[in-house]
Amino acid sequence: MTAPHSPDELIQHIQSQFSALSPQFQASARYLIDHPAQVSTLSARKLASLAGVQPATLVRLAQHLGYAGWDALKSVFTRDLQQRPGGYAARAQSLVERPDLELTAWHTASQQQSLNLMSLEAINRQAMTQAVAQLARAPRIVIAGYRSSYPPAFSLCYLCSLFRPDVQLLHNAGGTMSLDLHHLQPTDTVILISYAPYSREILQVAQVAQAAHCTVLALCDSQVAPIALEADHVLTFPTQGHSFFPSTVALQALVEMLAQQLLIHSGERAITALSQAEDQLHAIGAYL
177 MTAPHSPDEL IQHIQSQFSA LSPQFQASAR YLIDHPAQVS TLSARKLASL AGVQPATLVR
237 LAQHLGYAGW DALKSVFTRD LQQRPGGYAA RAQSLVERPD LELTAWHTAS QQQSLNLMSL
297 EAINRQAMTQ AVAQLARAPR IVIAGYRSSY PPAFSLCYLC SLFRPDVQLL HNAGGTMSLD
357 LHHLQPTDTV ILISYAPYSR EILQVAQVAQ AAHCTVLALC DSQVAPIALE ADHVLTFPTQ
417 GHSFFPSTVA LQALVEMLAQ QLLIHSGERA ITALSQAEDQ LHAIGAYL
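Take 177 as the starting number for the sequence shown in this note's numbering and just add one per residue.
None of these hints come from the bench; they were simulated from the model.
Every residue, glycine too, gets a C-beta built ideally from N, C-alpha and C.
Just so you know, not all the hints are guaranteed correct.
With a straight-line Cα cutoff of 25 Å, these simulated SDA-like cross-link-like pairs (lysine to any residue) come out [as the list claims (entries may be wrong)]: (1) 222 with 375; (2) 222 with 181; (3) 222 with 194; (4) 222 with 179; (5) 222 with 209; (6) 222 with 247; (7) 222 with 245; (8) 222 with 180; (9) 222 with 198; (10) 222 with 207; (11) 222 with 200; (12) 222 with 197.
Estimated spans, in silico, between C-beta atoms of each pair [claimed, not checked]: (13) 313 with 254: 21 to 29 Å; (14) 302 with 351: 36 to 44 Å; (15) 254 with 462: 47 to 55 Å; (16) 240 with 327: 15 to 23 Å; (17) 454 with 247: 32 to 40 Å; (18) 188 with 330: 44 to 52 Å; (19) 447 with 240: 21 to 29 Å; (20) 196 with 458: 21 to 29 Å; (21) 245 with 441: 16 to 24 Å; (22) 458 with 313: 29 to 37 Å; (23) 244 with 444: 49 to 57 Å; (24) 327 with 244: 22 to 30 Å.
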């Protein structure tokens, strides 16, 4: 088997066989994909420690993927990072992964959030263009996000609804989600929003959407997240933070960027619709 020559090829290769990998290989592969800057800057021993596996597991994974050894796999990430603008910021991520002292916790957390935000454009550059093009031609957009992913799902629906009438947010109030899923059509584009630990509801929506032959766009924390493996388009965001809960700052930013890019792509038609919606909100006294 020929080893992948780029991170994109490597991601696609891992996605295609992820479910068949051993748990140790899955943990290793997910960490490499989610932290490409660290792969090029940290030792295999340090990476293995962060991924929760043995260093030998990384070597065996590299060989399983068709590389001669760990150094050959690492070089794929090193070449890609050298070509990306903003590489210094990505490398700096490894500097803030240390236990926080109480007096520096705020500063460290702010640094991490800045790094999370700065990484969004680089990791989604090509995928964003493809996702926006798909949304622009979709007759209907259906958005799903549950538990802590519900606020960004609601935000995305609200923003897009200001210039598109054909955007729907899936709810589960009163147990009505199953009924809404029954009405999915092959022409629908379904946006799934989630991050680890993934909710049961979002996996159910993913399964029904795929069975209905909908186009699926996943917004998630990993290219090998359960909702990403079978998705047609994937946009990712980091959740690293220094609180008791995964950070959703980058997710909210990604949602706002997605709505912005869709508006730009839609052009004057979207501007007209947005103007009409704004006039109506003012007319009914929605704002003080």
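Hints, verified against the model:
no. : hint                     : result
1   : 222 with 375             : violated, 31 Å
2   : 222 with 181             : holds, 24 Å
3   : 222 with 194             : holds, 23 Å
4   : 222 with 179             : holds, 24 Å
5   : 222 with 209             : holds, 16 Å
6   : 222 with 247             : holds, 14 Å
7   : 222 with 245             : holds, 17 Å
8   : 222 with 180             : holds, 24 Å
9   : 222 with 198             : holds, 21 Å
10  : 222 with 207             : holds, 12 Å
11  : 222 with 200             : holds, 16 Å
12  : 222 with 197             : holds, 22 Å
13  : 313 with 254: 21 to 29 Å : violated, 37 Å
14  : 302 with 351: 36 to 44 Å : holds, 39 Å
15  : 254 with 462: 47 to 55 Å : holds, 52 Å
16  : 240 with 327: 15 to 23 Å : violated, 39 Å
17  : 454 with 247: 32 to 40 Å : violated, 56 Å
18  : 188 with 330: 44 to 52 Å : violated, 32 Å
19  : 447 with 240: 21 to 29 Å : violated, 51 Å
20  : 196 with 458: 21 to 29 Å : violated, 56 Å
21  : 245 with 441: 16 to 24 Å : violated, 44 Å
22  : 458 with 313: 29 to 37 Å : holds, 31 Å
23  : 244 with 444: 49 to 57 Å : holds, 54 Å
24  : 327 with 244: 22 to 30 Å : violated, 46 Å
Violation of the numbered hints given earlier is confined to hints 1, 13, 16, 17, 18, 19, 20, 21 and 24; the remaining hints are satisfied by the structure.
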